[in-house]
Amino acid sequence: MTDTISVNGQQHTLPSDPRTSLLDFLRHDLGLTGTKKGCDHGQCGACTVIVNGIRINSCLTLAAMHDGDEVTTIEGLGTPDNPSALQKAFLEHDGFQCGYCTPGQICSATAMLQEIANNWPSDASESLEGEMAATGEEIRERMSGNLCRCGAYANIVAAISEVAEESA
Amino acid sequence: MTVHFKQDTPDDSNRLDGMKQGVLGKSIRRVEGMAKVTGTAPYSAEYPIADCAEGVLVTSTITRGKVVSIDKDAVLSMPGVLAVIDDPAMTTRAAQGTADEAPQQEPGTVCYWGQPIALVVAETFEQARDAAKHLPINYREDPSAPLDPQAVEAEEQEDETVRQGDLDHAMATAAHSVDVTYTTKGHASAAMEPHASIAQWDGDKLTVYASLQMLNYNISELADALGMEEENVRLVSRFVGGGFGSKLGVSEDVVAAAIASKEVGRPVRVVMSRQQVFQCVMRRSETTQHLRLAADENGKLIGFGHHALVSNLPGETFAEPVLQSSHFLYGGENRDLMLEVARIHRMTAGSVRAPGEAVGMPALEGAMDVLAEKAGIDPVELRLKNIPEEDPEEGLPFSSHKLAECLRQGADAFGWDSGPRSPRHTCEGEWWVGTGMASAARVHNIAEAKSRVTLKADGSAVVETDMTDIGTGTYTILAQLAGEMLGLEPAQVLVELGDTKNPRGPGSGGSWGAASIGSAVYIACKAVREELGQRLGVGETELELKDGKAASGESLVSLLDGNDLSREGHYEPGDIKDDFTASGFGAFFAQVRVNRFTGETRVDRMLGAFGFGRVLNHKTARSQCLGGITWSIGVALTEALEFDPRDGHLVNCDLAEYHVPVHRDVPDLEVVLVEERDPAASPIQAKGIGELGMCGGAAAIANAIYNACGARIFDYPMTPDRVLAAMPD
Ligand code: FES
Ligand code: FES
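First to last, the protein sequences are chains A and B. For the record, in the first sequence the residue sitting at position 65 is 65 according to our numbering, with numbers rising by one throughout. Whatever position you read off the second sequence (first residue = 1), add 1000 for our numbering.
The hints are simulated quantities; they were obtained by calculation from the structure and are not laboratory data. One thing to keep in mind: the hints can contain errors.
Output of the computed footprint for chain B on chain A, the stretches with three or more beta carbons under 8 Å from beta carbons of chain B [said to hold, decoys possible]:
| id | region |
| --- | --- |
| 1 | 39-49 |
| 2 | 55-64 |
| 3 | 96-107 |
| 4 | 112-121 |
| 5 | 143-154 |
Reference excerpt, derived from the structure (chain B facing chain A, CB under 10 Å, subset only) [unchecked claim]:
| id | residue |
| --- | --- |
| 6 | Lys1300 |
| 7 | Ile1470 |
| 8 | Gly1537 |
| 9 | Leu1543 |
Idealized CB from N, CA, C, for every residue including glycine.
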């Protein structure tokens, strides 16, 4: 037990109220409001962050469960002066409208491309084994936990595909 | 200085195409986009206000009756709890769009299951949520709450009724006739950002950061609810995480936060839970629609009938305007249209993206497909044959009309096969594959709007208005518009939106935002140009501005001579509103696969072609169309509000149970923008595009389902159970 959590490389003390979700801890206690709350029930993906390299819904987990963990939020992926490749691609392809689902989409896509690189299969994969590729159908399946009510899906997939191709 | 322009006649001067900067209409990136992709754009719950307490709404678990008592003491002793508020000024419904006055108040009187009745305020969100869950409430129930729209006597909306000629006779004598009844389920806006407010008092001055679409109206609604003067109220909505109608009117969180903040003497934040957003803001009414089409042997309509039944709470003025485009889309001299409202105690019905056409068009365009089949005419051809010369009811000219172009260009781009059509022509493995199409129409709305444009001494510009950008692209198109007029790149134009300290815009709703506020900015820019022209000794119409310089070579900076130059534009639609029927038009084409064993439908590809006046930014306009088409997929296949028949409560009140389209439901979509200038739509010759993209699209999918597998379905959404039940053996 260290009672600390690393967020975007900075150490923070875990909250004293055990009811505090990781999402509320980030948004409220740390003021990292880039991570969004769309449903608080694991149904929309707006709260997606990366914990120890894996994407999770931060509303579905309590902050207290992340003793010693390393969390990356949208603020840790890039800044207006130094955006990540996916952040730039979303901007270029207009992969958003209202922008509320966007940090979740970008965090999710960042980790999702790594999952493909690690050859983890999905429902859209032809086989459970072997090389996985970032096809449109794979991206759509793997991103289906991130809802976008503005309906920017076609542009989001275009943005992710571009980054996947560049890094392939 | 304010310049007022009331538009009584079409504006053919087409000034914008003569400007030199060349940025309007271009496909440029959103100017606020970097803030959104990096998570640095603040939405309403996210302002770092010191010492902010947290409020959680408590909602009713009865349908109709009175709150007899609330045992506040039971929770006031819980850790961190500051107050339990049940002030009679709290609002119990969201205001309808453009209401301009407080919605229903008095939380002690319950009219629907899920209605807010109290607010618990505590130091932290966790404490407030816990206390809200444990607040004991005693009710006196009124058991007489009608819940079924089919079981009550409906009220006719008389201004919607049209009776011309003799439709019964036309139906009886027509070469081809169609008489069908469609149903559609209720829909939720389900904007991704839940409604949220932070209220803060400074003496008798109130500021609320809220997630709202129409600040110009919301400020009156809030002031009225609190019995305050508007000048003591400020609303801020710089970033809105989607609205789709649900944030048109002031919502319950806004008024509750304001009252609570006054009571506890600290800022208070109230964020609705996702379930509360579903249950106490707005639903789109379910509809039952009776369509009658009578055509001669060539497929030309001689009779047109459309009756619709919708529902709402007693006392609500809004009735889903199902017939809106039916009044003018197709000809037919014998007409019979009627809209009725059933008064029931389900939650408030109000605007959800494209109120009216979103459900009226899928029914009408489904019926048109039935007619095309009966008459043996290609569905595209049938629509082309029935485009009226003028409004078939009012006799008014159309401001512009691009339906034919959209049908032709859309069919071309999609590769539409106009040969004979019969179901089950293609089978691939387990899947029947077919195509379908539908027309799109959405009335053009426009409203009064004000904006200030300032040319700064350093040669940059600022545009100010309380208009909102709910994802529609307002920040960007106004930067482009002002840049075009003033000879600046959009990056040199700072657009300040979403604050009632600025001149009042129309708000975002009914797709009227861009054309209305754009016209105010256009008028302000023209006034700035006039002044610049005078300084240069040329008329405004001769003035050429590009890259911060006049054609003569003089720079804006030197013309301004160290001073700012500011003008306010005030646009008001005049006679053009009454002299024309104005609408956006379009066409949808879809290819679907239907599983022959499970009845599941997948959309393989979909295309929309749209004509909606001047395109202000190709990128953001296309995105609006993509969003609309995506919603069409939801309407066609998955979206349905389900109400408990015993107490009328909305059962599927979250994003797991109410099925909005997800990534894998949406294929590559194609959008064709059919450019036009509509001089009678607005001074900038633009119409709206936020809603047109979903007005009819569901029918293209429904018609494709029929073409694929032979299941002709009259109930939306077309879920697998319904498809299977309708599929021929
Ligand atoms: S807020 Fe966590 S999934 Fe919706
Ligand atoms: S951009 Fe608005 S919900 Fe995705």
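Worksheet item: Which hint numbers does the structure go against, in order from smallest to largest?
Response: Checked against the structure, the hints that fail are numbers 2, 4, 6, 8, 9, while the rest are satisfied.
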